[in-house]
Each structure stands twice: as structure tokens, then as C-alpha cells.
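S.K.: Chains as they are written, first to last, in our numbering: chain A, 1 to 294; chain B, 1 to 425; chain C, 1 to 294.
The hints are simulated quantities; they were obtained by calculation from the structure and are not laboratory data. Any given hint could be a false lead.
Cβ-to-Cβ under 10 Å is the rule here; a few derived chain B residues that face chain C [what the hints assert, rightly or not]:
id : residue
1  : ALA104
2  : SER191
3  : ASN250
4  : ALA251
5  : ASP256
6  : PRO388
7  : MET397
8  : PRO405
9  : SER406
10 : GLU409
11 : LEU412
12 : VAL422
On the chain A side, residues computed to face chain B include the following (Cβ under 7 Å) [to be verified]:
id : residue
13 : ALA44
14 : LEU232
15 : GLN236
Here the structure is a predicted model, which means the values were calculated and not measured. Think of the CB as a built atom: it goes at the ideal place given N, C-alpha and C, for glycine as much as any other residue.
What follows is the residue order along each chain.
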Amino acid sequence: MNDAYRLTSDAATQQKVVPLQQRVVRLTLYALLTALVLIYSIPAFGVIITSFKSNGEIARHGLWSAPQQIRFDNYREAWYDGNVKTYTINSFKVTVPATIISILFGVLTGYVLSKLPFRGSQALFIFIVAGMFYPPQIVLIPLFRLFNEIKLYDTLYPMIIVHSAFGLSICTLLMRNFFATVPNALREAAIIDGANELQILLKVMLPLSLPALAVLATLQFTWIWNDFLWPLVFTQSDTKRTIMVGIITMRGQYSVAWGVQGAMSVIASLPTLFIFVFFQRYFIRGLTLGSVKG
Amino acid sequence: MRRRLFLSVLTTLVLALGVVAPVAGQGDVKQVTLLHYFSGELGFDALSQIFNNFKASHPDYIVLTNPVGHEEFKTQILIMLAGDEPPDIFSYWAGARVQFVVDAGRLAPIDDLWESAGLDAVLPPAIVSGATIYNGQHYLVPFGYHYAGMFYNKQVFADAGITELPQTWDQFLEVCEKLKAAGVAPIALGSKNRWPAQFWFDYLLLRTAGPEYRADLMAGRASYTDPQVVRVMELWKELVDKGYFYPDANAYDWTDAGDLVAVGEAGMTLMGTWLTGYWDGTVGLVPGEDYDVFPFPVIDEGVPDAVVGPVDGWVLTAKAKHAEAAKELMAFLLTDTESQAIWAKGQGALAPNINVDTAIYSPVMIKALDIVKAADTFAFNYDLATTPPMAEGGLDMFARFMDDPSGYETYLQDTENVAKEVFGK
Amino acid sequence: MGKSLWLWRIGFLAVPLSVYTVVVVAPLLYSFYYSLTDWNGFSPNYNFVGLDNFQRIFRDPLFSNAIENTVIWMIAAIIIPTGGGLFLALMLHEGVRLANLYKSLFYFPISLSLAVIGQVWIWIYQPRWGLLNVVLREVGLGQYARAWLAKADSALPAVIAAWSWQQIGLAMVIFLAGLTAVPTELTEAAQIDGANRRQSLRYVVIPMLRPASIVVIALAVINSLKSFDVVYVMTKGGPFHSSDTLAMFMYNECFQKYYMGYGSASAVVLFLIALVVVAFYFVWQMRAMETIYE
Numbered sequence: 001m002n003d004a005y006r007l008t009s010d011a012a013t014q015q016k017v018v019p020l021q022q023r024v025v026r027l028t029l030y031a032l033l034t035a036l037v038l039i040y041s042i043p044a045f046g047v048i049i050t051s052f053k054s055n056g057e058i059a060r061h062g063l064w065s066a067p068q069q070i071r072f073d074n075y076r077e078a079w080y081d082g083n084v085k086t087y088t089i090n091s092f093k094v095t096v097p098a099t100i101i102s103i104l105f106g107v108l109t110g111y112v113l114s115k116l117p118f119r120g121s122q123a124l125f126i127f128i129v130a131g132m133f134y135p136p137q138i139v140l141i142p143l144f145r146l147f148n149e150i151k152l153y154d155t156l157y158p159m160i161i162v163h164s165a166f167g168l169s170i171c172t173l174l175m176r177n178f179f180a181t182v183p184n185a186l187r188e189a190a191i192i193d194g195a196n197e198l199q200i201l202l203k204v205m206l207p208l209s210l211p212a213l214a215v216l217a218t219l220q221f222t223w224i225w226n227d228f229l230w231p232l233v234f235t236q237s238d239t240k241r242t243i244m245v246g247i248i249t250m251r252g253q254y255s256v257a258w259g260v261q262g263a264m265s266v267i268a269s270l271p272t273l274f275i276f277v278f279f280q281r282y283f284i285r286g287l288t289l290g291s292v293k294g
Numbered sequence: 001m002r003r004r005l006f007l008s009v010l011t012t013l014v015l016a017l018g019v020v021a022p023v024a025g026q027g028d029v030k031q032v033t034l035l036h037y038f039s040g041e042l043g044f045d046a047l048s049q050i051f052n053n054f055k056a057s058h059p060d061y062i063v064l065t066n067p068v069g070h071e072e073f074k075t076q077i078l079i080m081l082a083g084d085e086p087p088d089i090f091s092y093w094a095g096a097r098v099q100f101v102v103d104a105g106r107l108a109p110i111d112d113l114w115e116s117a118g119l120d121a122v123l124p125p126a127i128v129s130g131a132t133i134y135n136g137q138h139y140l141v142p143f144g145y146h147y148a149g150m151f152y153n154k155q156v157f158a159d160a161g162i163t164e165l166p167q168t169w170d171q172f173l174e175v176c177e178k179l180k181a182a183g184v185a186p187i188a189l190g191s192k193n194r195w196p197a198q199f200w201f202d203y204l205l206l207r208t209a210g211p212e213y214r215a216d217l218m219a220g221r222a223s224y225t226d227p228q229v230v231r232v233m234e235l236w237k238e239l240v241d242k243g244y245f246y247p248d249a250n251a252y253d254w255t256d257a258g259d260l261v262a263v264g265e266a267g268m269t270l271m272g273t274w275l276t277g278y279w280d281g282t283v284g285l286v287p288g289e290d291y292d293v294f295p296f297p298v299i300d301e302g303v304p305d306a307v308v309g310p311v312d313g314w315v316l317t318a319k320a321k322h323a324e325a326a327k328e329l330m331a332f333l334l335t336d337t338e339s340q341a342i343w344a345k346g347q348g349a350l351a352p353n354i355n356v357d358t359a360i361y362s363p364v365m366i367k368a369l370d371i372v373k374a375a376d377t378f379a380f381n382y383d384l385a386t387t388p389p390m391a392e393g394g395l396d397m398f399a400r401f402m403d404d405p406s407g408y409e410t411y412l413q414d415t416e417n418v419a420k421e422v423f424g425k
Numbered sequence: 001m002g003k004s005l006w007l008w009r010i011g012f013l014a015v016p017l018s019v020y021t022v023v024v025v026a027p028l029l030y031s032f033y034y035s036l037t038d039w040n041g042f043s044p045n046y047n048f049v050g051l052d053n054f055q056r057i058f059r060d061p062l063f064s065n066a067i068e069n070t071v072i073w074m075i076a077a078i079i080i081p082t083g084g085g086l087f088l089a090l091m092l093h094e095g096v097r098l099a100n101l102y103k104s105l106f107y108f109p110i111s112l113s114l115a116v117i118g119q120v121w122i123w124i125y126q127p128r129w130g131l132l133n134v135v136l137r138e139v140g141l142g143q144y145a146r147a148w149l150a151k152a153d154s155a156l157p158a159v160i161a162a163w164s165w166q167q168i169g170l171a172m173v174i175f176l177a178g179l180t181a182v183p184t185e186l187t188e189a190a191q192i193d194g195a196n197r198r199q200s201l202r203y204v205v206i207p208m209l210r211p212a213s214i215v216v217i218a219l220a221v222i223n224s225l226k227s228f229d230v231v232y233v234m235t236k237g238g239p240f241h242s243s244d245t246l247a248m249f250m251y252n253e254c255f256q257k258y259y260m261g262y263g264s265a266s267a268v269v270l271f272l273i274a275l276v277v278v279a280f281y282f283v284w285q286m287r288a289m290e291t292i293y294e
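So here's chain A without its partners, still in its complex pose (with noise of 0.2 Å):
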């Protein structure tokens, strides 16, 4: 995925002598993240697991027991049983355009606050970023009520609509950081070339930006495919669930389903874990300023 960019960094790393002690250091490097790794995805590890035990092995082994047999029922059961297949359409339904109707509008006010300040734009950046602090759940009445007035209810739009407003702190707050680190200076010799706001918005700023737009992708779309709060209280429809409702409503008011709930964990967490494989080639050092330079 990242082959031209290892090429040249290997090509630059073989030009130098690399001196024993760097190579040590290397090695321990290595040694030290692969540990670290290992250890770290123990959890997950053990998400795995649960997902691959019927439930009652784990009553009767607990869970790190080495498993008498590697089972799929579990994940057949969450595939065919229940309405995974219109979960996860749901989910990508609300995700999608919420993720970006929420990037967009924090493009739009981060440009603002950072390149086109005015009196008192401090006060309301804090104004912005303060909807971040409130615990959604004190909110869900009047939105409810909101939502039923204008007849949304039981549908994938509130979902999409409370995502892009409550997501505006954070794209607000990332995107003006990034555009401070963006010199006025380039602004100001586009102005100078008779460009409009717009326009540097879109051909000066935004392409600078990659990686900022990068990490608010991943972010809000991980953010916004786990959420169920929203969904379980704005529908009541099986055929408007999202995944995760879904995952939840797996176990019952005297049963257990660790397994399944598992499973079903591990397919939801694809999509988002992709969008992560697929974003992160812009996390990395060199390409994005390269591409601008050519």
C-alpha cells in the first residue's frame, strides 16, 4: 500500500553506513514494540476468543481456557439470525454522510475561526467546543421531542443530524487547529492571485490538510459507527437498527449470548478498522508535503 514511500525511505536509510549502535537500537526497537503489542492486544485477543467459545464453555471454563474446538456458530448465528446484513447497511446509511456533514461543517467553521477571525470569534470557538462537554443523555428528552415533532422519528436522520451538530466541536476544534499551522502567508499571496475565500479554502487549505481531514475521518466514523445511544432511543423499527443497537440487544433481561454479541463485534468492527487501513497512508511523514510540492 505504502511500497513507493518504504522504496525511497529504505533507498535513503541503504545510501547512509548505518553504524552498529543504530542497528542495536534498531533491534531493541523492535523487540520492545513487538512485546508491547503482544501485550497490548490481549483484550482484543480475548474478544477473539469469546467470539470463537460457545457460551457455555465459557460458563464452565471461563474464558481463557484453551478452547476444546474452534467454532464459526457463532458468527453463522450473527450473519443469518437476526437482520445483521440491514445493521450494518443502516450503519454505513447514518455513518457516512454523517462523517462527512460533519467534516464539512467543521471545515467551514475552523476556517473561520482560524484564517477570518473577528471580535469576540475566541468566545465563540469556546461556544463551540463547550456542546463537547455535556453528558448526551441530559439531552435526550427535548431531542426526542424535537425529533417527533417534525416527524423523524423512527428514522436514520436524527441520528445523522445529532452527529453532524454534536461532531461540530471536534472538527471545529481539530480543523482550526490545523489551519493555524498553515502560514497566512499563503493566503495572503492567494489573494493576491485574485482568489476568493473559497477558493483558497478549497485549492490552498484543504489540500494542505490531508492528514488533518485523515485523522477526522477515521475519528468521527469509529466515533459515529459505535455510538447506540442515538439509535436506540430515535427508532423502534428492526428494519431502522444499527449495528451496534444490535449488539446490545443480544443479550436479555436473564440471558447471556457472549458469543454471538462476540462475533457480531468483531464483523462491526471491520468497516471502521478498514477505514483505518485505508486513511492512515495520509498519517505519514513526507507524502502529503510531496504531493503538494509536485
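Given the structure of chain A, go ahead and fit chains B and C onto it with the hints provided.
M.R.: Frame of chain A, contents of chains B and C only:
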């Protein structure tokens, strides 16, 4: 007005971005919307079957169900009621919780349905008077109920040389001693989520001070610092001090306690009949062979015999849009014996409808049913017997007690302080 | 010029701010209003009680307990995930082989459903066969084995550990993006000037990470103020409120005890505390940042 205008603009914007979402279903005359907490495999499958049966006999009805995990349910139903968009009917726990919603004026009485469907004829009188009537009117149609009893591992009891089940407190202590001598923890309790501990408090109080005093305590007419309550805590403490409870009760869930008994590390656990659903279905025990049940022993002679458990039922909301159709469904859910049987089997519950054939039950459930029938009183467990804010205070006390029983006097005082605030004493 | 600038500002801000006002601010004002009542959530009727709820809050030992726990949480959140994420980002930014695999593994926890992760952590802390106690006994530290989630003194740290584990990946992503903003020329120039790796890190890289660290720390503070989901799944604030956070306290008052008015008052207090803390933090950090980039 401006808000609406703005939102329509917003909606258009969302639409313009090419989002596809189907429009909400159109209202049918005979449509019933229903919110319930019977999520999870067992409850969900059984309910789907029941609603299919309903559709078969009522082809012109549409039932829109919405299962929610039972913790999330508490939040959601409050929001839906407060937001003036409640479902037509919802499942709820009989007792103080229904009373709370009735007092708030959010439920509609169903006396007419009671009359026309002849529900008195299909229910045991104790359930009618205890679970369905609030402020003098019928509000709740029972769907299933549970009994909390002492479930024990037969093999473990036999290995410890216990030949007779304890009927009195002294016999019970003897049994515990034998189990302990055999190297097994006599009692498993999983009070991580607090409520499993309540059955101990309930039964100890019911077997000593009696149902009437307990009702007073639940309603705020008696005090948590009364000698009756202190005695309960002392009896309970004796069990803990003697090492009869499996250590670290607060670290385990009720299923963990079930596992401990199932694998033979503990002898018994005081739990509701839903445990049989978990043991039979998930763990794979054979009812009657691997495990059995006995009632909580008698402590003081002459105290009326009481059993403890929750009743799940259906209630009709005051703002139901399809009240008539909803009532039809409510009556069906109780009077259709086949549905009642499906439900009881699916949930490990007891069917409130007396016409349900007992052949559907496992030998253990039949024993539980007999115990309930023989009892003088059916009492709701603590968190359903007292008002929700009080229940929170009491459940806290039980968890603290299981952590360190020596401070019980302080805990009782703290609980009484909560009671003073809740009941405005 | 000034006039057209205002047109751009309004054009950019109008839609995001309107959505924000309707979906976030208006419901928030509703809950301010509820906080002045004795509403129980269910009843259509309630009484106006003025500031009674606020008076009660400051006498409530459960509330001060929740504040204390939240502060502990906040401090831990600033240190552990931030430090861990920075450490990982710096290591993985060195262009190590398989960096993408490592990054994905560190990110994986965030993409898993919390309901399932919480359960796995419960199984790690389980006293009988839980992984932690088993390992402690294996390595001869059996005397430290305990019922982690059942004891009042270890429940909160145990939950925070589980939470931090999930959050590290988040901080790592943001720092990785921040590192892309550090021009390669700068570090190279520093090396040419004779700076060793540690010096260039200390004097070149770390200061350039300020925007990213503002975001990470702000997120840590905010997430700790709102910390709810993981507590809810793992302990529900128990045993006996030893792991209660402010959000958990609010949830209990509103939805378990049905003191909607009182619970709303606690949310208002939480909001005000957060606003003050974060306003100071931002103003201070923004000033510092602007001096770098201006």
C-alpha cells in the same frame, strides 16, 4: 416556527446529499406498537412465535415490536413517555414501578378489558390482587412470573452427605456446615449488579418480621433502623461470618454464581427461576437430575409463608394511538394458553394463566410452581416492592454489606437517611 | 473588503451554527430549565423549585464522591493515554517495518464494541480464573491477586485502565497526524547542526506537536468528564459508588431514581465546571500556539 423552518431546510440539505432512508410506516387502524425488554435470543424467539400466532388468528392486525436490552429499556420508556410518543403497550415489572407510572398519569386503566375478556377467571387471585390493581383499577396484564428459591447442585449435596433438605433455620445452618466440611462453599451469590443480594434480605425479613411488616417498610411506614431489620442483618451476617458465602460476592454476576454451583464449587444459590433457563440452555444441566430447588427455610414459627419473585406484564399507555387493537393483543397474550406455554418455556418462567398445562414444565419448575401455590403470600422482590429511588439506596446497602458485613449498623442508618428523603418522613 | 469578509464569514458559519444551535444548544437550555424543577421524568406535572436542587447537590456525599472520581479520572486520562499515544506515535513514525500492521493493532481496540470489550475486561479482572490473577499467581505475586472490580479501592483504577487501553489508539492517531506536520527539513537541519535524536525530539518535534497535543489533551479532559459507557458496562459505578463518575451519577439520578430535575442540575454543574476548566486551558494554549506560528 422558525425552528421548524430551519429544520426543513436542514432536512432538504440532508436529502440533497443523496441519503436514502425509507419513510416511516404509515399508520394502520389495527396496528399495535409495542416496546419490550425481552431482548436476547430466548425472549426474542419466543415472542416472535407468539406474535406469529396472533397474526394467524388476527390476520388484519399488524404488531410492530421493539425489543431493547432491559437496562436500556428503563431509559427509553421514560423518554418515550416524557416525549409524548409512547408505544401503545410496553412490558413492565409489576409493583412499585408500575405504581410510579400510574401515579404520573401515563397509563390507561383496562377495567373494561378485564371484564370483557374475563381475566379474573384465568389468573390466581393472589396475582390479580397483588400485581394487576393500582389505585383501585386494573392496569397490568401479567405475562409471566418468576419465583426466587434455593437452587442447589444435587451431586454436591449428596457428596456432602446431605440426605434431607433443610426446612428450618437450624437445619439450614447444619447443611451449610456439612457443605463447608466437604470443602465446598455452601452458598454462591453474585451481587456485582447488586439485585441478586436482595432475595436474601427479602426472605430473611419475610421469614422473621413477616409480610405485613415488610410491606410497611417498603412503603416508608417503618424504619430501616427498627430491631426487625437489625435482626435480619444479624442473621445474614452470621452466615457470612461463618464463611458460608463464596468469597467476593460483589465480583460476580448472577450467572457466575450459577456457574459456581453448576461446576460444584458451591452448593446452592438463592435466585429466580430464570436460572433454570440459563442452566438448561447455556450450561447444559439436566433439571431434576443435576439440580433442584427448595424453598427458603422457616425461621420463626407462625409467620405467614411468603414467596418472592417478579411479575412481568403488559401495560397500556394513556396516549396509545391504537388502544382498542392494543387491548385485543394484551388479552391474547394472557388468555392464549399456547402463547403462555411458549413464553414460560422460552424464558424459564411460570405462566400466570392457570389453564396452562403443567406438562410443559421441567420437574424443577413444577416444584417451584407447587411452592408458589402452597404459599400464603406472593411478594415482589425488593427493587420492585419499594419505590425506585428507595430501591437504589437499599441495593447499595446490600452491596456494602456483602463487601464488609461488620458495618451493617452504619449501612442501615445511611439507608434510613435515604428513606427519610424519599418518603419525606 | 471588510464587508465582503463578513459575507464569507456568515456564509461559512450559517448552516453549521444553526444546526448546532437547534440540536445542541436548545436542548441544553431545556435541561437548564429542568434543573430548576422537581420533575420525575414520568409525570407531565412538576413544580418549580428554584435553586433547591443546586443547594442539595453540594450537600450530597454521592456527588462529591463522583467529582473526586472524575478528577482522578481526568488526571489519569491526561497522563496515560496521552503519554502512551505519544510514545507509540514517535516509535511508529520512525518508518519501522510493518508499521502499518502495528498501527492497526493499536487502533483495533477502538473499533470493537464497548459492550463486548467491557465484558472481556470483566473476565480479565475476574478473581477466580481472570487473566490478571492467574498471571499474578504464576509469577509468584499471588498475594496481590484480588477481586479487582469488587473492591472499593481498586474498582476505579481497574476501570480507568480498561478505558485507557482503548483510548491509547486514539491519541496515537492524532499524534501521528501531528507528526506529519513536522517538516522533515526541520529535523534534518537539527541533525546537521549536531543535535542527537533526543535533542531534536525535545527541541524540534515536541514543540511542533503542540496543536496535536492540545486536541489530545482536550479530548482526554472531555472524555473523562463524560466517562460513562465503560463504567456503565463494567461496574455501573459500583461497588457502592466507588467508581461513580459525574456522568454516571447524573444517569443514576435521572434514569434510575427518576430525579430528573436533580439529575439535570448535576449536568449543569458538570457543564459549568468543564466550561471554566477548558476555557482557561484553551485561552492559555491558543496564546502559546499563536506565538509559535505567527
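S.K.: Out of the numbered hints, which ones does the structure contradict?
M.R.: 8, 9, 10, 11 and 13
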